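> Sequence:
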Amino acid sequence: MTMVTPTAEGDLNLAAIAPVVERYFAGFNAADYCAVAALFEDDGVLLAPFEAPIVGSEAIYTYLQTEAIAMQATPVEVETTPGENGSHRVVVKGCVKTRLFTVNVRWTFGLTAANTLQSAEIRLLASLQELVQLNQG
Numbered sequence: 001m002t003m004v005t006p007t008a009e010g011d012l013n014l015a016a017i018a019p020v021v022e023r024y025f026a027g028f029n030a031a032d033y034c035a036v037a038a039l040f041e042d043d044g045v046l047l048a049p050f051e052a053p054i055v056g057s058e059a060i061y062t063y064l065q066t067e068a069i070a071m072q073a074t075p076v077e078v079e080t081t082p083g084e085n086g087s088h089r090v091v092v093k094g095c096v097k098t099r100l101f102t103v104n105v106r107w108t109f110g111l112t113a114a115n116t117l118q119s120a121e122i123r124l125l126a127s128l129q130e131l132v133q134l135n136q137g
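Take the sequence shown: its letter number 132 is residue 132 in UniProt numbering, and every next letter is one higher.
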């Protein structure tokens with residue numbers, strides 16, 4: 001397991017650790033949802049909060065195009081764990097800023113040996129009370 005946090009001198013260097021994850025965040029923050037969806041395997045899965053699993057790059061693109069407008073994701077900490085047959089699990093903690101609020105988030109990426117995304121799970125790191133306040137805000 002490898003864990004990396006940003007230094008005082010600079011940002012977290014995701015590209016050196018998991019290039020496909022770095023491209024996910026770069027595409028997401030640029031609102032290039034087509035590029036983000038293309039990072040997934042044909043049967044790749046996006047597990048978004050409060051949603052049924054979103055399967056396949058076309059469905060992932062459609063979801064992001066609808067739900068991720070004007071969001072900015074900031075990765076702060078990353079942890080990688082090697083899996084079987086060259087796969088990896090990459091866990092990133094950070095925050096997502098929307099037009100109305102900012103929330104702490106944990107992304108868990110399942111990477112294939114070919115360095116593509118098999119899965120991406122997005123978990124909100126907020127209490128039930130915080131989530132209710134976000135909904136009322």
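A hint or two may mislead.
[As the list claims (entries may be wrong)] Per label pair, the in silico range of CB-to-CB distance:
id, residue 1, residue 2, range
1, F101, D42, 19 to 25 Å
2, S87, I122, 25 to 31 Å
3, A26, E67, 16 to 22 Å
4, E79, A114, 27 to 33 Å
5, R99, D42, 29 to 35 Å
6, N85, A126, 20 to 26 Å
7, V103, T66, 16 to 22 Å
8, T98, D42, 18 to 24 Å
To be clear, the hints were calculated from the coordinates, so they are not data collected in a lab. Computed from a prediction, not measured in an experiment: that's the story for all the values here. Ideal Cβ positions, reconstructed from N, Cα and C, are used throughout, including at glycine.
> Decide, hint by hint, whether the structure agrees.
Tested hints:
1. F101 with D42: 19 to 25 Å: Given about 34 Å between the Cβ atoms, the range is violated.
2. S87 with I122: 25 to 31 Å: Given about 19 Å between the Cβ atoms, the range is violated.
3. A26 with E67: 16 to 22 Å: holds (19 Å)
4. E79 with A114: 27 to 33 Å: At 21 Å between Cβs, range violated.
5. R99 with D42: 29 to 35 Å: holds (33 Å)
6. N85 with A126: 20 to 26 Å: violated (35 Å)
7. V103 with T66: 16 to 22 Å: For V103 and T66 the Cβ distance comes to about 19 Å; the hint holds.
8. T98 with D42: 18 to 24 Å: violated (30 Å)
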